[in-house]
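*Asks:* From first to last, the protein sequence lines are chains A and B.
Per the working numbering, residue 1 is the first one in the first sequence, and the count goes up by one each step.
Per the working numbering, residue 178 is the first one in the second sequence, and the count goes up by one each step.
Calculated from the structure, these hints are not laboratory results.
Predicted model, so just to flag it, every value in this text is computed and none were measured.
Here a beta-carbon is modelled for each residue, glycine too, at the ideal position from N, C-alpha and C.
Any given hint could turn out to be false.
BS3-like, lysine-lysine: derived pairs with alpha carbons at most 27 angstroms apart [as the list claims (entries may be wrong)]:
hint, chain 1, residue 1, chain 2, residue 2
1, B, Lys210, A, Lys53
2, A, Lys79, A, Lys163
3, B, Lys210, A, Lys48
4, A, Lys53, A, Lys163
5, A, Lys79, B, Lys210
6, A, Lys48, B, Lys209
7, A, Lys79, B, Lys209
8, A, Lys53, A, Lys79
One-sided and incomplete, this derived list gives chain A residues near chain B with beta-carbon spacing under 7 angstroms [claimed, not checked]:
hint, residue
9, Asn9
10, Glu11
11, Gly58
12, Gly102
13, Leu130
14, Asp140
15, Tyr144
16, Lys148
17, Phe159
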Amino acid sequence: MVEQYSGRNFELVAVAVDAQGASKPRPFMEQAGATFTCVVDAENLLSKTFGFKAVPNGIFVDESGIVVHQQFGGFDIRKPETLELVEAWLTSGATAGAESSGYALIDPRVQVLFRDGLALLRSGEEGAALAKWREASVIDPDNYVVHKQLWSIESPERFYRGKVDMDWQRQQLARGL
Amino acid sequence: MTTGSMVNAALPQAALLSLDGMMVDFRSYQGKKLIIFMWASW
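Isolated chain A, as found in the complex (with noise of 0.2 angstroms):
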């Protein structure tokens, strides 16, 4: 898509949310060749800053420096209606009929405990970056940004290894944890 739409000033920005910082996205860039910006989002600033609890998500800045339309959950550009209006937006500016995604407020508490929790896993003491993270997701059950970081790390063999096993998150998320 990036290439296809390359000289028609249009700029793609892909960023990474994950507290693991580089490491985990890098693999997936180079796998995918990818050929636009990767920024990563180790300290969840954007979840913060637009108030979204899970990804895929897509935000559209126009010239201007104005947001014309968000999508938070679902954005993925192999599905054939994100793919339809991206084409729809860059080539004619339109959004119609897209409707925008709304914020969601992030507790304090849990920016506080997802801060203190990354200082924590930053200085080598997983266990206790994990408790913090932990007690944020019984805060905010339905904060997927910071429940499935704390899974990646408690066991990351159901996201490192081939796909990501997304039946036990499933499991998961029924048994409460």
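Place chain B on chain A using the hints.
*Replies:* Frame of chain A, contents of chain B only:
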């Protein structure tokens, strides 16, 4: 709970490190259409 939307508002100031270690400021793309795609390997 949802409380509104950033649509029709200016893109908030935000800058993040690229995989190459370069700081990327989203506002530096002003003058171009920009799609910010957020994803995760988890």
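*Asks:* Now look at each hint and say whether the structure bears it out.
*Replies:* So, going through the hints one by one against the coordinates:
For the hint linking lysine 210 of chain B to lysine 53 of chain A, the alpha-carbon distance of about 25 angstroms falls within 27 angstroms, and the restraint holds. This hinted pair checks out: lysine 79 of chain A and lysine 163 of chain A have alpha carbons roughly 18 angstroms apart, not beyond 27 angstroms. Only pairs whose Cα atoms come within 27 angstroms are accepted, and lysine 210 of chain B paired with lysine 48 of chain A is accepted, the gap being roughly 23 angstroms. Taken as a hint, the lysine 53 of chain A and lysine 163 of chain A pair is honoured in the structure, with Cα atoms around 22 angstroms apart against an allowance of 27 angstroms.
Restraint check: the Cα-Cα separation between lysine 79 of chain A and lysine 210 of chain B comes to about 21 angstroms, which is no more than 27 angstroms; the hinted pair holds. This hinted pair checks out: lysine 48 of chain A and lysine 209 of chain B have alpha carbons roughly 25 angstroms apart, not beyond 27 angstroms. A C-alpha spacing of about 24 angstroms is found between lysine 79 of chain A and lysine 209 of chain B, which places the hinted pair at or below 27 angstroms, so the restraint holds. Between lysine 53 of chain A and lysine 79 of chain A the alpha-carbon distance is near 21 angstroms, which keeps this suggested pair within the 27 angstroms criterion.
Below 7 angstroms, beta-carbon pairs count as interface contacts, and asparagine 9 of chain A has one with chain B at about 5 angstroms; its hint therefore holds. Below 7 angstroms, beta-carbon pairs count as interface contacts, and glutamate 11 of chain A has one with chain B at about 5 angstroms; its hint therefore holds. Because the beta carbon of glycine 58 of chain A sits about 6 angstroms from the nearest beta carbon in chain B, less than 7 angstroms, this interface hint is met. With 7 angstroms as the threshold, the beta carbon of glycine 102 of chain A comes within range of chain B, its nearest partner Cβ sitting at about 3 angstroms, so the hint holds.
Violation of the interface hint for leucine 130 of chain A is found here, the shortest Cβ-Cβ separation to chain B being roughly 14 angstroms, above the 7 angstroms cut-off. Nearest Cβ of chain B to the Cβ of aspartate 140 of chain A: about 10 angstroms, over the 7 angstroms cut. The hint is violated. Restraint check, tyrosine 144 of chain A versus chain B: the minimum CB separation of about 9 angstroms is more than 7 angstroms; hint violated. Restraint check, lysine 148 of chain A versus chain B: the minimum CB separation of about 5 angstroms is within 7 angstroms; hint holds.
The beta carbon of phenylalanine 159 of chain A is positioned within 7 angstroms of a beta carbon in chain B (closest approach about 5 angstroms), and the interface hint is therefore held.
Against the hints set out earlier in the document, violations occur for numbers 13, 14 and 15.
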